[in-house]
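In order, the protein sequence lines correspond to chains A and B. Note that this note's numbering has the first sequence beginning at 1, numbered continuously upward. Note that this note's numbering has the second sequence beginning at 1, numbered continuously upward.
Watch out, some of these pointers could steer you wrong.
Stated by the list, open to error - Take a look, some chain A residues computed to stay more than 12 Å from chain B by CB distance:
1. L77
2. K98
3. E106
4. N124
5. Y130
6. L158
7. E177
Claimed, not checked - Just a few of them, taken from the derived set where beta-carbon distance is under 7 Å, the chain B residues facing chain A:
8. L48
9. S50
10. G218
11. L226
12. G259
13. H268
14. I414
15. A415
No lab work stands behind these hints: they were computed from the structure. Where is the CB? At the ideal position from N, CA and C, for every residue including glycine.
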Amino acid sequence: MPKSSREAILKNIRTQKRGTPPPLPETSRFGTTYEDKVKVFQSRLSDVGAVFVECDREGITGTIREKYPHAKTIASLIKNDTLANVDLDAVQDPHELKDLDLAIFEGVFGVAENGAIWIENDHNRHRALYFIARHIVIVLPKAEIVDNMHQAYERIDLSQSGFGTFISGPSKTADIEQALVIGAHGPKSLYVVLV
Amino acid sequence: MKNHATLSAEFVKDSERMHWHDRALWYVRQKRDNAAKAVPEWEELRALASQIKAHTMENLDHYLETFEKEARKNGVAVHWAKDAEEHNRIVYEILAKNGAKKVVKSKSMLTEECGLNPYLERRGIEVTDTDLGERIIQLKGDAPSHIVLPAIHLKKEDVSAIFHEHLHSEEHNSDPTYLTGVAREHLRQKFLSADAAITGVNFAVSETGAVVVCTNEGNADMGVSLAKVHIACMGIEKIIPRMCDLGVFTRLLARSATGQPVTTYTSHFRKPREGAQMHVVIVDNGRSAILHEEDFARSLHCIRCGACMNTCPTYRRSGGHAYRFVIPGPIGSILAPLKQPDRYNDLPFACTLCGSCRNVCPVKIDLDHQLYRHRQEIMKRDVFKEKKRFMKWIARLMQHPMLFTLVGKTVRTIAPILPKSLLYHKKNVWGRYRQMPDFPKQSFKALYKKERNAKKQ
Numbered sequence: 001m002p003k004s005s006r007e008a009i010l011k012n013i014r015t016q017k018r019g020t021p022p023p024l025p026e027t028s029r030f031g032t033t034y035e036d037k038v039k040v041f042q043s044r045l046s047d048v049g050a051v052f053v054e055c056d057r058e059g060i061t062g063t064i065r066e067k068y069p070h071a072k073t074i075a076s077l078i079k080n081d082t083l084a085n086v087d088l089d090a091v092q093d094p095h096e097l098k099d100l101d102l103a104i105f106e107g108v109f110g111v112a113e114n115g116a117i118w119i120e121n122d123h124n125r126h127r128a129l130y131f132i133a134r135h136i137v138i139v140l141p142k143a144e145i146v147d148n149m150h151q152a153y154e155r156i157d158l159s160q161s162g163f164g165t166f167i168s169g170p171s172k173t174a175d176i177e178q179a180l181v182i183g184a185h186g187p188k189s190l191y192v193v194l195v
Numbered sequence: 001m002k003n004h005a006t007l008s009a010e011f012v013k014d015s016e017r018m019h020w021h022d023r024a025l026w027y028v029r030q031k032r033d034n035a036a037k038a039v040p041e042w043e044e045l046r047a048l049a050s051q052i053k054a055h056t057m058e059n060l061d062h063y064l065e066t067f068e069k070e071a072r073k074n075g076v077a078v079h080w081a082k083d084a085e086e087h088n089r090i091v092y093e094i095l096a097k098n099g100a101k102k103v104v105k106s107k108s109m110l111t112e113e114c115g116l117n118p119y120l121e122r123r124g125i126e127v128t129d130t131d132l133g134e135r136i137i138q139l140k141g142d143a144p145s146h147i148v149l150p151a152i153h154l155k156k157e158d159v160s161a162i163f164h165e166h167l168h169s170e171e172h173n174s175d176p177t178y179l180t181g182v183a184r185e186h187l188r189q190k191f192l193s194a195d196a197a198i199t200g201v202n203f204a205v206s207e208t209g210a211v212v213v214c215t216n217e218g219n220a221d222m223g224v225s226l227a228k229v230h231i232a233c234m235g236i237e238k239i240i241p242r243m244c245d246l247g248v249f250t251r252l253l254a255r256s257a258t259g260q261p262v263t264t265y266t267s268h269f270r271k272p273r274e275g276a277q278m279h280v281v282i283v284d285n286g287r288s289a290i291l292h293e294e295d296f297a298r299s300l301h302c303i304r305c306g307a308c309m310n311t312c313p314t315y316r317r318s319g320g321h322a323y324r325f326v327i328p329g330p331i332g333s334i335l336a337p338l339k340q341p342d343r344y345n346d347l348p349f350a351c352t353l354c355g356s357c358r359n360v361c362p363v364k365i366d367l368d369h370q371l372y373r374h375r376q377e378i379m380k381r382d383v384f385k386e387k388k389r390f391m392k393w394i395a396r397l398m399q400h401p402m403l404f405t406l407v408g409k410t411v412r413t414i415a416p417i418l419p420k421s422l423l424y425h426k427k428n429v430w431g432r433y434r435q436m437p438d439f440p441k442q443s444f445k446a447l448y449k450k451e452r453n454a455k456k457q
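Please take these sequences and the hints and turn them into a complete structure.
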């Protein structure tokens, strides 16, 4: 009887109406803005346990190779990435990514106030990529940094991809006596390449 | 059944551990303070959140229906459950239909409230809680004592012993990094072999039909992005109208909960991934009834950050288990008596009315006022008979000055010569932890008269 439960719940909600509700407040143009967004963003990245480097587009491959010299299996969402040796489109089942050493992908934009990077990729077949790899690298254009989460959500609707996530640093936990441990289930490190 | 006071008394017996617990939570509270202070517009942000929630609750039917419509358009199956039993049945039926035998679950206080784990386990399904704190609790056969930090009552030595017994970790190695590593390997196998993933929902966005799940460990994402079936369980109050409202709530949630500027992963699920199913179960289980309670309806604004617990002087010194309800602390003490008035009528009294919870609440719930309202309502009911009789007796005494003077005189004369066993009789609750003051020779009235006469002369 799922239908009747739906009606019962909605009916019970409707009978409690008390009159005019307060209007929805406007939230755009709200929130702190920064003079030097990039600098604030970089400092937040360090706070949340990420490591970053600045380089130009040509230097991306070199800096990643240098940072992860021992990575054997590498998957990348960046077109024609010479580092990649796993063909993501050929992978049928995300479980096959279980031993992935490194995943490389682009961030859409970064948020200065908290060091979060918005990840949304219409063409990625495997959402698991962002979480299952031992280490991840996010390539992010410096020009794409917003001040705060209010500005961030003006750019998000998920209508194409159906999935998007803010990633702020490597996976972490403090569930044992409040001691911060990096690398809970997901990536043990996050390397941000700012271009 | 033991009440909060009795269970707290047991908790404080181990004074060292009680102080350790107190300090651990106070540390989280301080981190929250620093994070809040770093945002100049913090108070305006709280006001916005409060307004959005108030607006949403008054239009909850509309926003739920829109959410359902949008979610269906996105290819998400939406289910409605009026109570815990129906919720559990729906989840089980989805699992059974898909032949799922192994399930990974990220943190969800709702499934805890509904008793989903035992329900599924009785039907032969293996459920693994994947949040580290929850996994520790699950292995121990314990209940969470906090909504954000489920294992806050355990020391690392306890965790070490639990892992040694169940996961064969090194004996007496209680290094958190080592223990987390053991859990990582253990849980990775669970993620890789799971047939379905269950998550809670932090926010459900009406205008897009998307649900948002926040974790630091990435456990929700690991589960959902590998298993063929994703079931997201949410209470009706998790709805927010617009995507832009997420800007307000994501800024408040992690800062209030742990003092982080944002959770490590804030994941937005709008459509099922290729070849997988996504289900959302919308659960009432007593919530719509709370909407009718004018004084308590605002308790549904709660975003489950746990800040009110971390700051509560009672919670920090009693532990979460003393509350016996799925949600402890100030917010739990409001919700529990609404669900089961007789069982939990002690909880609103486990409070000093200091108001600290109201000051830290990111959505500005008037927690202390609601607790006070609960007390007034509870006192109207047929409870605490002895106390009420005593108060009635005192009132009568005060209405008769002659009698009052006489009783005062008698007590002043007799009390000092009474044997201790009688003076500190177990009915004298006040005297249980305190020494009675010396009785004065004269009453206040006599003293006052004397002073006045002295002045006149």
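Evaluation of the provided hints:
Residue placement check: L77 of chain A keeps its beta carbon more than 12 Å from all beta carbons of chain B (closest about 15 Å). Listed as a non-interface residue, K98 of chain A fails to keep its Cβ farther than 12 Å from every Cβ of chain B; the least gap is roughly 6 Å. Every Cβ of chain B is farther than 12 Å from the Cβ of E106 of chain A; the closest lies at roughly 17 Å, confirming the non-interface assignment. Distance to chain B contradicts N124 of chain A as a non-interface residue, since its nearest Cβ pair spans about 10 Å, not more than 12 Å.
At the 12 Å boundary, the C-beta of Y130 of chain A falls inside the reach of chain B, the nearest C-beta of that chain being 7 Å off. Not every Cβ of chain B is farther than 12 Å from the Cβ of L158 of chain A; the closest lies at roughly 4 Å, contradicting the non-interface assignment. With a closest Cβ-Cβ approach of about 5 Å to chain B, E177 of chain A is found to fall inside the 12 Å limit, against its non-interface label. With 7 Å as the threshold, the beta carbon of L48 of chain B comes within range of chain A, its nearest partner Cβ sitting at about 5 Å, so the hint holds.
The interface hint given for S50 of chain B is broken, as the beta carbon of that residue sits about 9 Å from the closest beta carbon of chain A, more than 7 Å. Contact between G218 of chain B and chain A, as hinted, is supported at the beta carbon level, the nearest pair being about 3 Å apart and thus within 7 Å. Against a cut-off of 7 Å between C-beta atoms, the interface hint on L226 of chain B holds, since the closest Cβ of chain A lies about 6 Å away. Against a cut-off of 7 Å between C-beta atoms, the interface hint on G259 of chain B is violated, since the closest Cβ of chain A lies about 10 Å away.
The criterion of a C-beta within 7 Å of any C-beta in chain A is met by H268 of chain B, whose closest approach is roughly 5 Å, and the hint holds. Annotation: I414 of chain B was flagged as interfacial toward chain A, and the flag is violated, the nearest CB pair being 54 Å apart, outside 7 Å. Interface hint status for A415 of chain B: violated, as the beta-carbon distance to the closest one in chain A is roughly 49 Å, over 7 Å.
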